[in-house]
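Student: Hey, can you work out the whole structure from these sequences and the hints?
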Amino acid sequence: MSRHSLASRHFSQNLAFTMFRLIMLTVLAALGGILIYVFIHGISAISWEFLTSEPTNSMTAGGIFPAIMGTLYLTVGAILVALPLGVAAAIYLSEYATDGRALRVVRLGIQNLAGVPSVVFGLFGLALFVGYFHLGISIAAGSLTLGLLILPTIIGASEESLRQVPSTFREASLGLGATRWQTIRKVVLPAALPGILTGSILGIGRAAGETAPIMFTAATFYTIGLPRSPLDTVMALPYHIYVLATAGTHIEQTRPLQYGTVLVLISMVLGLSLVAIIIRTRMRKTKQW
Amino acid sequence: MLQIPEAQVIVGDNAPPVAVAPLTKRKVTSTVQEARIRRVFVVSGFFSVIIMALIVLFLFKEGLGLFSTVSVKDFLFGEFWYPTYDPSDFGILPLIAGSMAVTVISSAIAVPLGVGAALYLGEVAGNRTREILKPAVELLASLPSVVLGFVGMVVIAPLMQQWWDIPTGLNVLNASMMLAIMAIPTIASISEDALHSVPRDLVEASLALGATRLETLTRVIIPGAISGMGTGVILGMSRAMGETMVVLMVAGGAAQIPTSIFESVRPLPATIAAEMGETPFGSEHYHALFAIGIVLFLLTMGFNLVAAYISQRFHQKGAATL
Numbered sequence: 001m002s003r004h005s006l007a008s009r010h011f012s013q014n015l016a017f018t019m020f021r022l023i024m025l026t027v028l029a030a031l032g033g034i035l036i037y038v039f040i041h042g043i044s045a046i047s048w049e050f051l052t053s054e055p056t057n058s059m060t061a062g063g064i065f066p067a068i069m070g071t072l073y074l075t076v077g078a079i080l081v082a083l084p085l086g087v088a089a090a091i092y093l094s095e096y097a098t099d100g101r102a103l104r105v106v107r108l109g110i111q112n113l114a115g116v117p118s119v120v121f122g123l124f125g126l127a128l129f130v131g132y133f134h135l136g137i138s139i140a141a142g143s144l145t146l147g148l149l150i151l152p153t154i155i156g157a158s159e160e161s162l163r164q165v166p167s168t169f170r171e172a173s174l175g176l177g178a179t180r181w182q183t184i185r186k187v188v189l190p191a192a193l194p195g196i197l198t199g200s201i202l203g204i205g206r207a208a209g210e211t212a213p214i215m216f217t218a219a220t221f222y223t224i225g226l227p228r229s230p231l232d233t234v235m236a237l238p239y240h241i242y243v244l245a246t247a248g249t250h251i252e253q254t255r256p257l258q259y260g261t262v263l264v265l266i267s268m269v270l271g272l273s274l275v276a277i278i279i280r281t282r283m284r285k286t287k288q289w
Numbered sequence: 290m291l292q293i294p295e296a297q298v299i300v301g302d303n304a305p306p307v308a309v310a311p312l313t314k315r316k317v318t319s320t321v322q323e324a325r326i327r328r329v330f331v332v333s334g335f336f337s338v339i340i341m342a343l344i345v346l347f348l349f350k351e352g353l354g355l356f357s358t359v360s361v362k363d364f365l366f367g368e369f370w371y372p373t374y375d376p377s378d379f380g381i382l383p384l385i386a387g388s389m390a391v392t393v394i395s396s397a398i399a400v401p402l403g404v405g406a407a408l409y410l411g412e413v414a415g416n417r418t419r420e421i422l423k424p425a426v427e428l429l430a431s432l433p434s435v436v437l438g439f440v441g442m443v444v445i446a447p448l449m450q451q452w453w454d455i456p457t458g459l460n461v462l463n464a465s466m467m468l469a470i471m472a473i474p475t476i477a478s479i480s481e482d483a484l485h486s487v488p489r490d491l492v493e494a495s496l497a498l499g500a501t502r503l504e505t506l507t508r509v510i511i512p513g514a515i516s517g518m519g520t521g522v523i524l525g526m527s528r529a530m531g532e533t534m535v536v537l538m539v540a541g542g543a544a545q546i547p548t549s550i551f552e553s554v555r556p557l558p559a560t561i562a563a564e565m566g567e568t569p570f571g572s573e574h575y576h577a578l579f580a581i582g583i584v585l586f587l588l589t590m591g592f593n594l595v596a597a598y599i600s601q602r603f604h605q606k607g608a609a610t611l
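In order, the protein sequences belong to chains A and B. For the first sequence, our numbering begins at 1 and goes up steadily by one. For the second sequence, our numbering begins at 290 and goes up steadily by one.
These are computed hints drawn from the structure, not numbers from a lab. There may be inaccurate statements among the hints.
Claimed, not checked - Chain B regions said to be covered by chain A (calculated; three or more residues, Cβ under 8 Å):
#1 475–481
#2 525–532
#3 552–566
#4 584–594
To be verified - From the structure, some residues in chain B lie toward chain A, with a derived Cβ separation under 7 Å:
#5 321
#6 323
#7 363
#8 364
Each residue gets a CB set at the ideal place from its N, CA and C atoms; glycine is no exception.
Tutor: In structure tokens, the structure reads:
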């Protein structure tokens, strides 16, 4: 180190740090560029009618209301599947599990589940829910598939926030004679709730934006009216974008509708993520323990 | 409340009889109930393992059917993917090559950018800047893949075609750029966590000895965080390899072994997504797509296991191992 003068050492530091800064700017520019581009091209398509009416003229005009509702059904279904299972698994990991082979197996299972490609979840949903359980291509099959896909996200966020509850909380409750379950239900879970909520919102955002898992389990290009039962097929925003942009004879003609749909989907997904991030930041600042 | 005999209270295997206040019936039911509740949670804990097992089971159940007519060798190393021709060809070598091409090129873009962003967030940015920029990187992660596919297809592809005068903008390079955008947040946030977990006293010791911040970074912090950064890079690559919508919309879809980054490819996930919709349930083609699912599943699981191994094997155990 002493071979170089202090000045040259500081010069190389400035050089490196400037490079890191430029890299960060590039990454931000990619995000900002995409958002701004989509906003500029999509905003003209957005109107009250676009959001609340059905597609007309073989998809070349009209709105995307059924797709918005479909995405809503699918994500609500997914969270109904994933939230109870995910929180229960997190409670096991944080409150009951002890170090050992069983815990290692469970952790490996969750890690690998998180790494399974979304299209493989689609295949799995097709084989198990659509085929084996005879749910057909339906909201139910799609919700179950999406629910399993976001399960690791929910488990991760819930476990983290359960672990952040100080052990003194538990000891105080147990010391007063409460059982383990009473302690979890009345002390630990309420304290961990904001974190669990954040995780769920992130999970919902992820479920709303996924396309591959619902392609063969739930989504369809066009439905007449809204679905009437969980066993009906459904339109969904991400799938709507994919089909409008790649298939059909009016690809160029429907370009404004495509940008509009992309803008709606981005607003929904990023809006949810933003809410989750804000809740989390607030929580970290106000939490006293 | 009924009184119950003391003998039912079991304290331990060889516990001497101690004076225990007689339990009420209510307390006994609550111990039984506690045990039951515990069991429910243990089962929920194992649910992910069960799902993994079911995924393997159903992929193999539907996929192995192919190998009664096509040999494993012809499937993995066959150079022609003509599933709907008569006679059909189920060789996925071009598809594997396509997946490899986009994974490698996207990593070449995403690793420097992701690691650089992590170094900036972890070591250069002030606290307030970091508090704003970290969420921005997270937002990038939550961008739906179909949106990136759309942007690559509608915006980037025509530009590429114009600039370089190439036959199609839907090619390896375009798909890799879009995949890189998906992989960067994964790499950046895991790497940043790793940088953050290097013990502060080591950093301070290095600075106190007169090293500059860059010297501390390259000789103390990065060596200490290298396993975490490696994990992040591999998970980022795994994400790029398994990602579907981007390669479905942007990679061009030609089942060929690419010889340049301006050629179209048809990666594994894109093949499944593009063809499953038009395949009769239970046909040879249907089984072939599940067999591709098995290959994709094993490849990404390989990546994930390597990542898990690295993070365990080279895990920073206190200051002593530095």
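Student: Now tell me, hint by hint, if it's right for this structure.
Tutor: Verification of the supplied hints:
1. 475–481: That given contact is violated, which follows from only 1 residues of the stretch 475–481 of chain B lying within Cβ reach (below 8 Å) of chain A.
2. 525–532: n = 4 at 8 Å, threshold three: holds.
3. 552–566: holds (count 5)
4. 584–594: holds (count 7)
5. 321: violated, 11 Å
6. 323: holds, 5 Å
7. 363: Violated - the Cβ of residue 363(B) stays beyond 7 Å from chain A, reaching only about 22 Å at its closest.
8. 364: violated, 17 Å
Hint violations for this structure: numbers 1, 5, 7, 8, all remaining hints satisfied.
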